[in-house]
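Student: Quick note, the sequences are listed as chains A and B, same order.
Each residue of the first sequence is one higher than the one before, starting from 1 at the first, in this note's numbering.
Each residue of the second sequence is one higher than the one before, starting from 1 at the first, in this note's numbering.
There could be a bad hint or two in this list.
[To be verified] Think about it this way: if two alpha-carbon atoms lie no more than 27 Å apart in a straight line, the pair counts; the simulated BS3-like pairs of lysine-lysine are:
hint: 1; chain 1: B; residue 1: K197; chain 2: B; residue 2: K173
hint: 2; chain 1: A; residue 1: K187; chain 2: B; residue 2: K112
hint: 3; chain 1: B; residue 1: K156; chain 2: B; residue 2: K197
hint: 4; chain 1: B; residue 1: K156; chain 2: A; residue 2: K187
hint: 5; chain 1: B; residue 1: K230; chain 2: B; residue 2: K173
hint: 6; chain 1: A; residue 1: K107; chain 2: A; residue 2: K187
Just so you know, the hints here were simulated from the structure itself, not pulled from any lab data.
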Amino acid sequence: MTRQQFQALSLGLVAAVVLALPLFVRSATYLHILILLYLYAYLTTSWNLVGGFAGVLPLGHATFVGIGAYTSTILSLQYGVTPWIGMLAGGLLSVFVGVLIGLPTFKMRGAYFALATIAFAEGIRVMVENIDQLGPLKINGPRGLQIPPLNFGLANFMFPGKEPYYYIIVTMLAAVLAFTYFISRSKLGYYLSAGGEEPEAAMALGVNVARCKLIAMAMSSFLTALAGTFWAQFTLYIHPKSVISLDLSFEIAFIALIGGRGSIGGPILGAIVLRPVSDICRIYFGDKLPGLHLIIFGVVLILVMIFLPRGLQEPFSGLYNKVADRLTSTVPRQE
Amino acid sequence: MSFLEVNNIDVYYGDVQVIFDLTLHVDEGEVVSIIGGNGAGKSTLLRTISGLISPERGQILFEGVPIHRSPPEVIVGRGIVQVPEGRRLFTLMSVRDNLIVGAYNQRADREKERTLEEVSSLFPRLRERESQLAMTLSGGEQQMVAIGRGLMARPKLLMLDEPSLGLAPLLMKNIFQTVRKIADQGTTVVLVEQDVKNSLSLSDRAYILEHGRTVMEGPAEELLENPHVKVAYLGL
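Next comes chain B alone, as it looks inside the complex:
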C-alpha cells in the first residue's frame, strides 16, 4: 500500500472529461513531479486529490483510507494540503494573518505558534514583512507566503501547483531549493510544474500527463534522459 494511491480516476467538468483512467501513486517521503503542457489535466488532478472536485469513477486512497468522496476540510484534516496555482493570497490581510488562516484544522491550530516559527525560519523574509498587507509583496515573496500558508496546515503531503509561475529565474531557483528543503524535513511533496528541467532535478520520480492520461512515468533522472521528454518538454 502506498502513501497516496490514485486508482483509475475519470474526472469531468460538466460534460467535458478532463482526466481519463488515471492511476498514480506517491510513497511517503518522496518528491513526485507531475509534468505536462497546458490543459493536460495537472491542476485538475490536484484539485481532485484535494476534494475540490470529485472523480466520476475510480478511487483515491490516502494512507489506505478512501478520500475521493470526502469534502476538502476532511482531506486537509488528514494531512493533504494544496498550494494553488497563481498563489491566491488573501490580499487585504497581513502576511501573518494569511499564514494563520492556513492553520484552520484542529491539529494545525494546536501547533500554530510552533509552525509559525518553523515557517519563519524557512522564509526569514516573511518575518520582516509580517505585518504588511499581502498585496504589497513582490511575486517571489507572495509565493513564499502561499507555500508558508500551506505549511501552516501541517501537511503530511504538500501539493504545489506551479510554484515557479511568473517568477524571475533567480527567485525560481530559490523556490525550488525551498521545496527540496521542505521534502528533506520529512514532508512528502507532489510538484506540478511547467519548468520540467528544474522540477525533475529535484524530484525522485515523475509522471508525464498528456490530454488527461499518464503517458510516461519513472525515476526523474531517467525521464531527464528520455528522448521524448527531451524533445517535447526540454526543447533539446
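Chain A on its own, in the form it takes in the complex:
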C-alpha cells in the first residue's frame, strides 16, 4: 500500500462513518449534539483562515455568524427570499464588514488586535440589541427573530427532522476543509504564515502582508456567515445573545487554540474534545453553574499551552504518521 492509498483509505473510512452515523444515532438529542459539533468545527475552520494561518487572534467572529443569521432571516421573513440566497447575501455583507474591521485593526499587534476585534463585535451586538426597526427592516432588538416552522422543504432550508441538517452541515464542513487545505498549500497560504511569523522579514521581501491578511479575513468572514444562516435555519430562533455573543467568539477561539491553530485537523479535534464538554455542562449544570464550560475550557487551554503548545493535533498527527509508516513501510516516506 502506498502512502497515497493509505490516505485515501483513511479518508474514505472517516467519510463512511460520518455519513452512516445518522442510521445508528436515532436519538434526536445526540444527533443535535453531533450537528453542533460539526457546526463548531466548521466555524473554527473558517476562523482558522485568519486566526491560524495569518497568526493573529480575532476574538469577534460571532459578528459574522450574526450577520449571516440576521441577513438570511430578515430576507426570508420579510421579503420571502429563500434562505439559500439569503445565505449568499449574508456572506457578501459579512465580507464587507470583515474588511471594514480588518482595515484599521490589522495594523495592531498581538493583544491589541484581539481587543479591537472584541470591541467591534460587542459594539455590533449592543447596537442590534437596541434597534427594533432599522428603516424597513424589523430587527426586534433583544427579543430576536423567530422563524415559524411552516414551509418545510429543501428550497426553504427547513426540515422537520434533524437528518437533513446533519447532511447539510457535513457537506459544508467537508467543503470548508477542502478549501482550507487548498489555501494552506497555495501561495497565499505561504504568504500568510510568513507574514504571521515574521512580518518584518516578509515585508522586506515585498510581501504585502496587510493585503494577504485582508484577503484571508474576507474569506473567513464569508464562510463564517454561511454558518450563521445554517444556525438560524436549524434553531429557527435567533437573538443577539445567541448568535453575536462574546461566548460564541471565545468558544471558537478556544476550540482552535486547544485543537491546534493553523492546522487542518486542529479545529476538528478541538470540536470533538470540547463540544461534548459544552453540551454536558449545559444539560447537567446549565441552571446552577451557567458558563461552567468556559471555566473548563480555560483550564484545558492552560494545560494544552503548557504541554502541547501546538495543540492536540500534534500528538494525533504524530500517531497518524506512525501508523501510516508502519502500514506503508515498503515505500520510503515522501516528505
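Guided by the hints, dock chain B onto chain A, whose structure is given.
Tutor: Just chain B, lined up with the frame of chain A:
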C-alpha cells in the same frame, strides 16, 4: 546620478530621532559597507531604504526615482531587497518554501525556477536540505536560507544586515566569500556589519556611522588604514 541616493534624511522612532541629516550614495556594481557600533542607526538606515519606516525629512532616490514614500512591496518591486538581521526565517516552513516566499513580486515570480537553480548552485547545501523545516537548520545554513530568500526576489540592490551575526569564524568567512560572489555576479550590495575587518576587505567603499550621523566615508582600503577606524573598530 547615482544608483541609490540617500539625501539628508532624518528618521524617528516616535519622538526619538535615530538618524540625523544622513547622506550617502551607492553606485551600480559596488559593494558598500555601513559600519558602526550598536545603536549607530545602521539597521534603521536599511529599514528606511526598504520602506519599513519613512524618513521625516529628506529623500531617497533609486535609479533616479524617489522611493521614500513608497510601501515596501513597491520598493522590492523596483529591485531593493533587505536580508534582515538575525535571519528571521519562517521556521515552520521548509527551506524550499522559505525561498519561494522570497519570489513574491511579479518579476521574481516569473523567473522563480531559474532563480531557485541559481540559489542552489550558490548554496549547494540548501539543495540537500530542501524539504527540511527551516527551524532544524544550523545557524550557518539558516543564514544561507536568509540570503537565498533575498536573492529569490531578484534584487538589483541587496542589503545585508549583519549576515555574520552569531556564526563561527569559519562559517563567517564562508558567508563573506558568498557575498563577494553575489557582487561579482552583478548585484550591488550594501553590507551592514560589526565585523569591520572582514567587511571592509570585501567592500569597495564604506561609510562609518556614529549616533545616527556619517562621520567618515571613503574607499574601503583607506578606511582600513585610518587611525580612528583602527582604534575604534579594529581594536588595534
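Student: Does each hint hold? Answer for all of them.
Tutor: Structure-based check of each hint:
Proximity of B/K197 to B/K173 is assessed by CA-CA distance (about 11 Å); at most 27 Å being required, the pair is judged to hold. Annotation: proposed proximity of A/K187 to B/K112 holds, straight-line Cα distance about 13 Å (limit 27 Å). Annotation: proposed proximity of B/K156 to B/K197 holds, straight-line Cα distance about 25 Å (limit 27 Å). With a C-alpha separation of about 24 Å, the suggested pairing of B/K156 with A/K187 holds against the 27 Å cut-off.
At most 27 Å may separate the alpha-carbon atoms for a hinted pair to count; B/K230 and B/K173 meet this at roughly 21 Å. With a C-alpha separation of about 22 Å, the suggested pairing of A/K107 with A/K187 holds against the 27 Å cut-off.
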